[in-house]
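Visitor: Throw the hints in and build the complete structure from the sequences for me.
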Amino acid sequence: MNKLLLYVIALAVFLTATNVMAENLDSVTIKVKKTSLRKDKQFYAPTVTTVVFGDRLETIKFSGNWWLVSHNGTQGWVHESALVGWNAQYRRKVSMFKGKKSEMSTDETALAGKGFDAQIEHEFRKKSPKANFSAVEKMEKIKITDKELDAFVTEGGLAKQ
Amino acid sequence: MTLLLQRVALQNSNNGRLMKIAASSALITLALYTASCSTVSKNMGEYADKAVEKMNAYTKSSKAMSLGSSNLSDEQEYYIGRSVAARIASGYKIYTNKSRTRYINRLGVALSRYSSRPEIYAGYHFMLLESKELNAFGAPGGFIFITTGLYKSAKNEEQLAAILAHEISHVTLKHGISSIEADRINKGIKKFNKKVAKGVSTVAQKLSSADIDKMTAAFEGSVDDIVSTISSGYSHKFEFEADAEAFSILRRAGYAPKGLVSCLKTLQARARGGDKAGFNKTHPPAEERIKRIGWLVKRLKTDLGKPAPIRTKRYKRYAFKK
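In order, the protein sequences belong to chains A and B.
Residue 70 in numbering that gives the first Met the number 0 sits at position 71 of the first sequence, with consecutive numbering throughout.
Residue 237 in numbering that gives the first Met the number 0 sits at position 238 of the second sequence, with consecutive numbering throughout.
It is possible that part of the hints are untrue.
Unchecked claim - Computed far set for chain B versus chain A, every beta-carbon distance over 10 Å:
#, residue
1, K151
2, A209
3, R269
4, K290
5, V296
6, K300
7, K305
Unchecked claim - Derived BS3-like pairs: lysine-lysine, alpha-carbon spacing no greater than 27 Å straight-line:
#, chain 1, residue 1, chain 2, residue 2
8, A, K146, B, K131
9, B, K97, A, K137
10, A, K129, B, K320
11, B, K97, B, K131
12, B, K315, A, K142
13, B, K154, B, K312
14, B, K297, A, K140
15, B, K290, A, K137
16, B, K290, A, K146
17, B, K151, B, K320
Unchecked claim - Distance windows between CB atoms, simulated:
#, chain 1, residue 1, chain 2, residue 2, range
18, B, H235, A, K33, 33 to 39 Å
19, A, Q160, B, G232, 28 to 34 Å
20, B, S208, A, D145, 41 to 47 Å
21, B, S89, A, K32, 42 to 48 Å
Simulated from the structure, these hints should not be mistaken for laboratory data.
Quick reminder that beta carbons are idealized off the backbone N, C-alpha and C, glycines included.
Guide: Structural data, given as structure tokens:
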């Protein structure tokens, strides 16, 4: 009986460990609309692939504020401010914000999203007809490409990081 | 005594075998853990993966929401920021020159990459407002405005970069979001999140009209809180924090922090001349801010540097003709 119990416990430990590996050990999630995985750990490195909100990435290692991750077999670097999650292997919380109490749980809520969203904005707009959302739409339409930024920084003699 | 020892030895022997079984099971588990048997873990994990992930996210979401505005997600901050920006923009005429608008966007996005939060939900966006006022506004979610009056007061790109870096810092440091009264989030969203936390299936259900009304009221109140704070000015503490973060951004980028001091001296001169509007109304006295930047320079054993001629030349291409 004792032997059987011990085998059951060992099996439970084995199942838990492997489940922990799947759930928490090697993954983080994208919490911005869209971003690039890059060839090197800086914003001026070429893009290797694009990832979007909700994409889960396997983590390989980190260096400073950058994570080397894998997405659908493609590896690349991404800044931690685009990520949310707890990486158990490195015992490191990937949060958007340094040194503030919001680190505590914002990570977990980043994907929840329910509450203040497009539906609620739509209701707000009905109540605030004078608010100039067309100006906001115009602002968001302006997209500065990586190529433009690279040229801007180079011309201005600024640091590339 | 011997019998006792024999009995203990026998028990230990049985226990020893059992311990060996337990130890080998643990070792096997540890070996698999260390070897990162991803195939096995993926198969086993995926069965519960999606449902557990959603449940955890929403359960934690409900706990987080009860803790107040500082725990809003990036996506929620973006939606609030859009509405704050729309309210700010409604008070001014939008400046439509494409060339200068694109210039401040290139400059602003480049600067954001040196900040503590280079990636936010939908990125940083910049717009000019037609006004003689010397003013700039940083709404949550990265929507940043600068008046043409303040743009014109900059004599070079170093100064313009300092203005934008200061506003970017208000966003990265979440000063706008932190001005939301915690109760608004708790009352508006808590009840809904309690329902969600009970089960994954409630996530798929539509909000009741009562829930929508509560959330909209909380949203509207939050937008009001932020707009009111931006209009009247952040606390001196927040302004000094934004100056310090801006100083850091400028240094990392390669801009001379002298630009920040020069801007403040311009504001100081305007205040002495009787201009109490715009920045002078909503910010601490320029003298105090200049003094604090001086302390930073001393502490970091650096200097203010000088504006780079190459960047001043670029700025002149986009300067307003006098």
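Visitor: Next, verify each hint and record whether it holds.
Guide: Going down the list of hints, with the structure as the test:
For B/K151, the condition that its CB be more than 10 Å from all CB atoms of chain A holds, with the nearest at approximately 20 Å. Every C-beta of chain A lies more than 10 Å from that of B/A209, the closest at about 13 Å, which supports listing it as non-interface. Every Cβ of chain A is farther than 10 Å from the Cβ of B/R269; the closest lies at roughly 27 Å, confirming the non-interface assignment. Non-interface status of B/K290 relative to chain A is upheld: no Cβ of that chain comes within 10 Å, the nearest being about 24 Å off.
Non-interface status of B/V296 relative to chain A is upheld: no Cβ of that chain comes within 10 Å, the nearest being about 19 Å off. For B/K300, the condition that its CB be more than 10 Å from all CB atoms of chain A holds, with the nearest at approximately 19 Å. For B/K305, the condition that its CB be more than 10 Å from all CB atoms of chain A holds, with the nearest at approximately 13 Å. Proposed proximity of A/K146 and B/K131 is contradicted: the alpha carbons are some 34 Å apart, above 27 Å.
In summary, the hint linking B/K97 to A/K137 is supported, as the alpha carbons are separated by about 11 Å, within the 27 Å threshold. About 33 Å separates the Cα atoms of A/K129 and B/K320, which puts this hinted pair outside 27 Å; it is violated. Restraint check for B/K97 and B/K131: the C-alpha separation of about 19 Å stays at or below 27 Å, so the hint holds. This hinted pair checks out: B/K315 and A/K142 have alpha carbons roughly 23 Å apart, not beyond 27 Å.
With a C-alpha separation of about 11 Å, the suggested pairing of B/K154 with B/K312 holds against the 27 Å cut-off. In summary, the hint linking B/K297 to A/K140 is not supported, as the alpha carbons are separated by about 42 Å, beyond the 27 Å threshold. Proposed proximity of B/K290 and A/K137 is contradicted: the alpha carbons are some 39 Å apart, above 27 Å. Using a Cα cut-off of 27 Å, the hinted pair B/K290 and A/K146 is violated, with the two alpha carbons roughly 39 Å apart.
For the suggested pair B/K151 and B/K320, the alpha carbons sit about 9 Å apart, so the restraint of at most 27 Å is met. Distance hint for B/H235 and A/K33: a CB-CB separation of about 37 Å, consistent with the stated range 33 to 39 Å. Judged by the Cβ atoms, the range 28 to 34 Å given for A/Q160 and B/G232 holds: they are separated by roughly 32 Å. Roughly 45 Å separates the CB atoms of B/S208 and A/D145, a value that falls within the hinted 41 to 47 Å.
Taking the beta carbon of each, B/S89 and A/K32 are about 25 Å apart, not inside 42 to 48 Å as hinted.
Checked against the numbered hints above, the structure breaks hints 8, 10, 14, 15, 16 and 21 and satisfies the rest.
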